[in-house]
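Residue numbers (our numbering), protein chains in the order written: chain A, 226 to 393; chain B, 1392 to 1667.
These aren't lab readings, by the way, just hints derived from the structure by calculation. Note that this is a predicted model, so its numbers are computed, not measured. Beta carbons are placed, not taken as given, at the ideal position from N, Cα and C, and that holds for glycine. Among these hints, one or two may not hold up.
[To be verified] Short derived list, chain B residues pointing at chain A, Cβ under 10 Å:
| id | residue |
| --- | --- |
| 1 | 1431 |
| 2 | 1442 |
| 3 | 1627 |
[Said to hold, decoys possible] One side of the interface only, derived from the structure: several residues of chain B facing chain A at Cβ under 7 Å:
| id | residue |
| --- | --- |
| 4 | 1408 |
| 5 | 1416 |
| 6 | 1422 |
| 7 | 1511 |
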Amino acid sequence: MNSALLVNIFRFIMLLAIQVVIFNNMNFLGYISPFPYILYIILYPVNSNRTGLIISSFLLGLTMDMFCNSGGIHAASCVILSYYRPYIFKFSFGLSYEYQTIKLNESLTPERFSFILVSVLLHHIVLFILLAFQFKFIWDILLRTLFSSVFTILISIIIIYLIKPNKR
Amino acid sequence: MQQIFNFIIRNSNRLLFLLLLGVSLALTIQSHSFHRSRVISSANFISGGVYEKINTVNEYLNLRTENDELVLENARLKSLLFNIEDTTKAPMIDSLKGVKPADIIVSKVIHNSYSTHENYLTLNSGSNEGVKQDMGVINSLGIIGIVDNTSPNYSTVVSILNMKSQINAKIKKSNHFGSLTWNGKSTGFVQLTDVPRLASVRKGDTIVTGGQSVIFPENINIGTVDKVYTDKKTTFYTINVKLFNDMTNLGHVYIIKSKDREELINLENKNKEKDE
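Chain B extracted, bound-state conformation (with noise of 0.2 Å):
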């Protein structure tokens, strides 16, 4: 016994050391194993907080670009309005029922990361506001990304440039479907995956999201085919897409609220149970 009680008092600080290692490598894998919240994140009254009132100087840096966004939206709203008429499709009538008005909260980036493979960003807006895991994040240009962790005022967000994201999504023009995912090289592109070789692709043709995810509702634009190439081991398509968003220059953004989810999720666990 008492060599016991020396060994740890003579070792204590190797002892100390390798406990504490022991701790924050089991959150650096546990934050790189595929969703699951991680234990620390910023979504917290500190860090939350802070990133708020250094925002707060911050936007007034960025209020030109804002603004030319809001009047290009505007312009493209009015748009829809006077031109209804002229349009020739008629609105989709979307068998999920939607995305209604109400299901959309308002935020803002207070946060943003996008020099590391896995970028995260942090929003003013929480549980109190409705925010819950997994609902999508968008803004006037395109896709943003898929909440992770909430707090009573605050959440994090996986944006599209982290390599453990995985987005449905489709050519707009054939309806072909694959994954998005990126590759860590560029801010300004992302790859679109897994796409059949019977898919007709060509430069400039538009990249929206899909309709087998729940997280996003469909045809919310992502980007424009950059190149396009051949996987070597699958022999799908892998294309590069020119994001519309600029990531590196975050303002307000839309969390959307899906109705219809949780019924989703419910029928699509029911179907599991079957099968098991």
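Only chain A is shown next, with the shape it has when bound in the complex (with noise of 0.2 Å):
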């Protein structure tokens, strides 16, 4: 229980760091950036306290806004994701999710890529019709939400087989 907390507590500084450090300055084509600081609420214990997801997210996100500079946008959107991540679950394992043991950094299968990309998809879609406001931006915020979704699962994946634990 213990060690859980504290690779939660290590992923929660890593992702930010990494986040602010390198994906911040990314900007293809002057507007895509990927957010991957969302994998610690994907990879989040399935069983864990979801109280302390939910708190936990929220600080995550706040901290993304005060280095972003963008109000309350990432928090926003990261409490929303962590709440209705239990929803995602069914949607993507099955009823029975709880009762199997899924750990999601292990080998990609249909089902945790599409969690993955359900996920993603519905943080960045809040996360930008949040920073554009304004109705005039439709296509210009579901342009970013796809471009960057893509990149975003992208590096998710390939930071999630970069930390796969080796236990053998």
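Join the two chains into one complex using the hints; note that each chain is given alone, in its own frame.
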């Protein structure tokens, strides 16, 4: 139990650091930037404390907002993602997900991929709607969501494979 | 009572979610409403310190362009120095007592953003150096933005690439005023709106800051006219301005501290009070 907590804290800090130092400075074509820090919410243990997840992802988003000067958009989208995570689990893994031992950081199955896809899409659409905050940018919002999601998913999968624990 | 407690315990996650969502949405809305200092900004010692560390590395990558700019500015200043007799116009004496050398604070951009509709920069000087809200920020090529939030050692700047920013500007040749805004599309172009149709503008004309704002002194370069078109609703001209500055590559900047600013603001407030 304690080691899980330590792993989570480590992930929280590392993902934030990588996001701020590297990925925030990435601007493909001027406006496409990936947000792999939400891996913290995606990789959070399935049967672990849900209240802890909501609070910690709020803090995660708030720290991102502090670095990006963006008000509360990251906090809002992280809280929404963390609250709807069980529903996305249900959608991707079927109703009995709680009784299976789901380890996301193992080989990529279609279920795991769909879980990451839906999570990233949900987070990014909320993020970019709040970022633009005006309906006249609806195409801009959709375009940014689409391209940024593709990059976030690619980088997330790469990171998952890189930090995959080698048990054997 | 029992039922209320039961309700709270049963729905604790949902209530927590709604509470945190409410807080973050409030922060978002507050940051989108114009001209209110944001609660959460990167002008604090944690993010400011991190950005400063990152910047010490990034700085080396931009040394070449930074040097080129300095050499160009030196050349311009030298030519001013050597050609005093040749200039046709006598140096204008600013009736507002203008900017004195002591009024410029040298600072450095430690974090730059240009990919969203509302962009902010972080500078590595703050209230300890005398930086205050609503001071203008320029560099050798042109204007950059207006100071928004300050902490003891860092400050955030509303970039001109921010849809909320509105800066008074004019056409250098004809003195016709307009307000400088950004439509959120290209980082190389801003828009000068509400220019009267009497103004004769041509492609290539220079746009400079106007004298109507207390933030920037008059005649600071902004850019050149790229395209002129008529606004269908207001029948005013809207001018696409090509910036002199490359907003994606910023190094050292100057913060302008207008000495008469407080006097002017006080005076204007007095007028407003009289009107009410």
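Right, here's what the structure says about each hint:
At its closest, the beta carbon of residue 1431 (chain B) sits 5 Å from a beta carbon of chain A; the interface hint therefore holds under the 10 Å criterion. Of the supplied interface hints, the one on residue 1442 (chain B) holds, with its beta-carbon coming within about 8 Å of a beta-carbon of chain A, less than 10 Å. Interface restraint check for residue 1627 (chain B): the shortest CB-CB distance to chain A comes to about 20 Å, outside 10 Å, so the restraint is violated. Checking residue 1408 (chain B) against chain A: minimum C-beta separation of about 4 Å stays under 7 Å; hint holds.
At a threshold of 7 Å, the smallest CB-CB gap from residue 1416 (chain B) to chain A is about 6 Å, leaving the interface hint in force. Checking residue 1422 (chain B) against chain A: minimum C-beta separation of about 3 Å stays under 7 Å; hint holds. Checking residue 1511 (chain B) against chain A: minimum C-beta separation of about 4 Å stays under 7 Å; hint holds.
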